[in-house]
Amino acid sequence: MSADTLVPIAAQAVVAGRRRRARRRTVVTVALALGVVLVFAASLMIGQTIYGLDEVVRVILGETVPGASFTVGELRLPRAVLAILAGFAFGIAGVTFQTMLRNPLASPDIIGITAGASAAAVFGIVVLSLSETAVSVLAVTGGLLTALAIYLLSNKGGFAGTRLILIGIGVAAMLDAAITYVLSKAPSYDLQAAMRWLTGSLNGATWSVVLPLAAASLVLVPALLSRGRDLNVMRLGDDAAASLGVRIHGTRVMVIVAAVALLAFATAATGPIAFVAFMAGPIAARIVGPGGSLLLPSALVGALLVQLADLLGQFAFDSRYPVGVVTGVLGAPFLIYLLIRTNRAGGSL
Amino acid sequence: MTESHSLSAQALTLAYGDRTIVERLDLVIPPGRITAIVGANGCGKSTLLRALARLIPPREGQVVLDGKALHGRPTKEIARTLGLLPQSPIAPEGIAVADLVGRGRHPHQKLMSRWSAHDYEVVARALASTGIEELADRSVDELSGGQRQRAWIAMALAQETDILLLDEPTTFLDVAHQIEVLDLLTDLNREHGTTIVMVLHDMNLAARYADHLFALRAGQVVASGAPHDVLTSELIREVFDLDALVVPDPVSGSPIVLPRGRHHVTAQPEPVQTGASDGHDR
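Line by line, the protein sequences give chains A and B.
For the first sequence, the numbering used here gives the first residue as 1, with consecutive numbering after it.
For the second sequence, the numbering used here gives the first residue as 1, with consecutive numbering after it.
Calculated from the structure, these hints are not laboratory results.
Do not rely on the hints blindly, as some may be mistaken.
[What the hints assert, rightly or not] Quick partial rundown of chain A residues pointing at chain B, CB under 8 angstroms, derived from the structure:
| no. | residue |
| --- | --- |
| 1 | A10 |
| 2 | A11 |
| 3 | V15 |
| 4 | G17 |
| 5 | R21 |
| 6 | R102 |
| 7 | P222 |
| 8 | A223 |
| 9 | S226 |
| 10 | G245 |
[Unchecked claim] Far from chain B, some chain A residues (derived; all Cβ distances over 10 angstroms):
| no. | residue |
| --- | --- |
| 11 | L38 |
| 12 | R58 |
| 13 | G73 |
| 14 | V182 |
| 15 | K185 |
| 16 | P212 |
| 17 | D239 |
| 18 | A240 |
| 19 | F315 |
| 20 | R320 |
| 21 | L339 |
Glycine included, C-beta positions come from ideal geometry on N, C-alpha and C.
Can you build the whole structure from these sequences, using the hints too?
Below is the structure:
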């Protein structure tokens with residue numbers, strides 16, 4: 001950077017300090033990205049049959065490799081891509097909410113937005129007997145409507161983050177009850193499909209499932225990243241951020257819509273993978289260090305979580321478990337840890 | 001920062017819901033001076049300050065900056081002229097002092113731009129003039145109350161605005177740190193001609209440090225002018241509903257308010273005896 005030759009001596013210490021913190025962020029972010037790529041490669045190679053890296057690369061490049069073309073190209077590749085996309089989406093949407101509401105509990109899987117998408121999907125499968133695509137559309141709509149309802153309910157007489165979280169937790173409980181009720185009435189042949197909407201799973205991964213999420217990510221992820229700096233300033237409180245020139249209301253609405261849409265698309269593809277949206281931000285905050293925007297690191301942590309949890313669920317135990325079961329087992333103690341810590345320190349992220 | 005900016009309220013009405021806080025209020029902030037807004041709890045002084053900083057949209061009337069109404073103008077453009085330090089801003093957990101101060105550069109930076117040499121220089125200067133250079137890399141969580149308030153003021157300085165509004169900048173500080181913060185703001189005013197407007201609880205500090213006072217009562221300006229001219233026992237009675245003696249402060253010569261409560265009051269109101277404490281024996 002050209003800055004150091006131009007700044008006066010007194011500012012050199014500021015330059016050095018900022019550069020040190022920025023270097024940590026860069027190193028961690030690059031390491032996370034490398035981790036995502038490595039686990040991606042591993043998940044293409046590992047399975048009933050183990051393929052070498054060269055075979056995997058040839059399949060990706062479009063060559064026909066006997067056996068590998070189907071197993072890697074049609075089964076493992078969509079699953080591995082979906083793991084990254086869904087984890088990325090859950091991670092970035094989760095940390096967006098947590099940053100904006102200045103509370104790690106404000107993640108969309110805790111405040112009922114994911115439950116809204118799931119409830120709509122289960123209703124679509126069991127009651128309306130819709131096709132897979134129609135179910136996805138319904139899930140996205142359900143997520144957005146739930147978010148809108150929570151926002152409107154909590155916005156009475158001024159926006160308040162804590163109220164939104166409490167209302168969201170209530171809404172989540174109601175929606176979970178509704179899901180359980182619908183499932184208890186469901187014919188057994190629908191249960192298999194409906195169960196995905198309870199735990200979250202990558203078992204349904206095909207290109208037709210991956211593509212809508214990929215397209216949504218292409219639009220919504222840059223939209224969120226472009227608001228990273230404003231979100232970071234909003235952590236100082238609404239008044240401070242507004243007097244620093246952040247358009248509070250506009251930024252908030254834009255960011256909520258983008259995050260909820262992304263989350264709903266991800267939920268439509270995989271079901272609600274438990275606690276990924278909730279865990280990614282706080283984990284990223286701890287390894288990246290304070291100060292900078294957490295959006296990208298959290299997205300990468302989310303992707304890595306889903307990838308690793310899916311590998312664990314598939315191969316670490318006697319029987320195969322959906323990815324959501326593994327993240328659920330990891331996430332519950334983490335929730336308790338954060339609750340205790342937040343209570344003690346009143347910390348934000 | 002040579003040009004002076006003008007800030008005024010015209011027939012300003014402010015309300016939360018259907019509760020009117022301020023009604024048809026007019027005032028002109030004296031440019032290049034230190035102004036204090038004083039008044040009892042709930043008189044609307046913080047609300048007025050937030051409206052002057054465009055954080056509350058006016059119900060009626062307008063706030064005018066340099067001849068143009070504030071509301072509806074690009075907020076980032078305003079943020080380069082007008083800064084506000086809120087009463088209780090939130091420091092993100094673990095943030096370094098220099099990074100917090102650096103947030104003040106936000107209105108001067110573009111969407112994805114990196115820090116310029118000027119950004120670094122301004123932050124270093126803000127740290128130096130608030131006397132916290134050596135704390136630059138420390139976490140804000142570790143600072144004492146006085147140091148933390150200086151870090152926030154440094155952030156406001158890094159914003160490089162010609163008008164700086166502060167909502168009770170001395171709350172939660174002990175008396176030494178209160179004086180330190182007010183001296184710092186006076187330096188800023190004298191050296192750069194920055195217009196300073198602050199809400200203050202302490203009448204005596206307001207009288208000493210402000211060039212101009214606005215006394216508010218129930219959302220109305222009841223007195224406006226230099227502390228010498230407006231601060232009288234009648235005004236204290238009107239604003240605070242309090243019986244008080246107002247005498248010249250032997251240290252600064254500015255008026256000082258000595259309240260008469262129900263206890264510890266000698267029969268003779270005057271003259272003031274330093275060190276005597278007759279009241280305590282009763």
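Results for each hint:
1. Given the 8 angstroms rule on beta carbons, the hint for A10 (chain A) holds: about 5 angstroms separates it from the nearest Cβ of chain B.
2. The criterion of a C-beta within 8 angstroms of any C-beta in chain B is met by A11 (chain A), whose closest approach is roughly 4 angstroms, and the hint holds.
3. Given hint, V15 (chain A) at the interface with chain B, holds; its Cβ is 5 angstroms from that chain's nearest Cβ, closer than 8 angstroms.
4. At a threshold of 8 angstroms, the smallest CB-CB gap from G17 (chain A) to chain B is about 4 angstroms, leaving the interface hint in force.
5. Proximity of R21 (chain A) to chain B holds as hinted, the smallest CB-CB distance being about 7 angstroms (cut-off 8 angstroms).
6. Interface restraint check: R102 (chain A) against chain B, minimum CB-CB distance 7 angstroms, threshold 8 angstroms, status holds.
7. A cut of 8 angstroms between beta carbons decides the hint on P222 (chain A): the least distance to chain B is about 11 angstroms, and the hint is violated.
8. The interface hint given for A223 (chain A) is violated, since its Cβ lies 12 angstroms from the closest Cβ of chain B, which is over the 8 angstroms cut-off.
9. The interface hint given for S226 (chain A) is met, as the beta carbon of that residue sits about 6 angstroms from the closest beta carbon of chain B, less than 8 angstroms.
10. Below 8 angstroms, beta-carbon pairs count as interface contacts, and G245 (chain A) has one with chain B at about 3 angstroms; its hint therefore holds.
11. For L38 (chain A), the condition that its CB be more than 10 angstroms from all CB atoms of chain B holds, with the nearest at approximately 29 angstroms.
12. No beta-carbon of chain B is positioned within 10 angstroms of the beta-carbon of R58 (chain A); the least distance is around 38 angstroms.
13. No beta-carbon of chain B comes within 10 angstroms of the beta-carbon of G73 (chain A); the shortest separation is about 37 angstroms.
14. Consistency note on V182 (chain A): stated as away from chain B, and its beta-carbon is indeed over 10 angstroms from all of that chain's, at 40 angstroms minimum.
15. Non-interface status of K185 (chain A) relative to chain B is upheld: no Cβ of that chain comes within 10 angstroms, the nearest being about 45 angstroms off.
16. With a least beta-carbon separation of about 28 angstroms from chain B, P212 (chain A) lies farther than 10 angstroms from that chain, consistent with its non-interface assignment.
17. Not every Cβ of chain B is farther than 10 angstroms from the Cβ of D239 (chain A); the closest lies at roughly 4 angstroms, contradicting the non-interface assignment.
18. A beta-carbon of chain B is positioned within 10 angstroms of the beta-carbon of A240 (chain A); the least distance is around 4 angstroms.
19. Its beta-carbon lying about 37 angstroms from the closest one in chain B, F315 (chain A) satisfies the requirement of being farther than 10 angstroms from that chain.
20. With a cut of 10 angstroms on Cβ distances, R320 (chain A) stays outside the contact zone with chain B, its closest approach being about 39 angstroms.
21. For L339 (chain A), the condition that its CB be more than 10 angstroms from all CB atoms of chain B holds, with the nearest at approximately 16 angstroms.
Violated hints, listed in ascending order, are 7, 8, 17, 18; each of the other numbered hints is respected by the structure.
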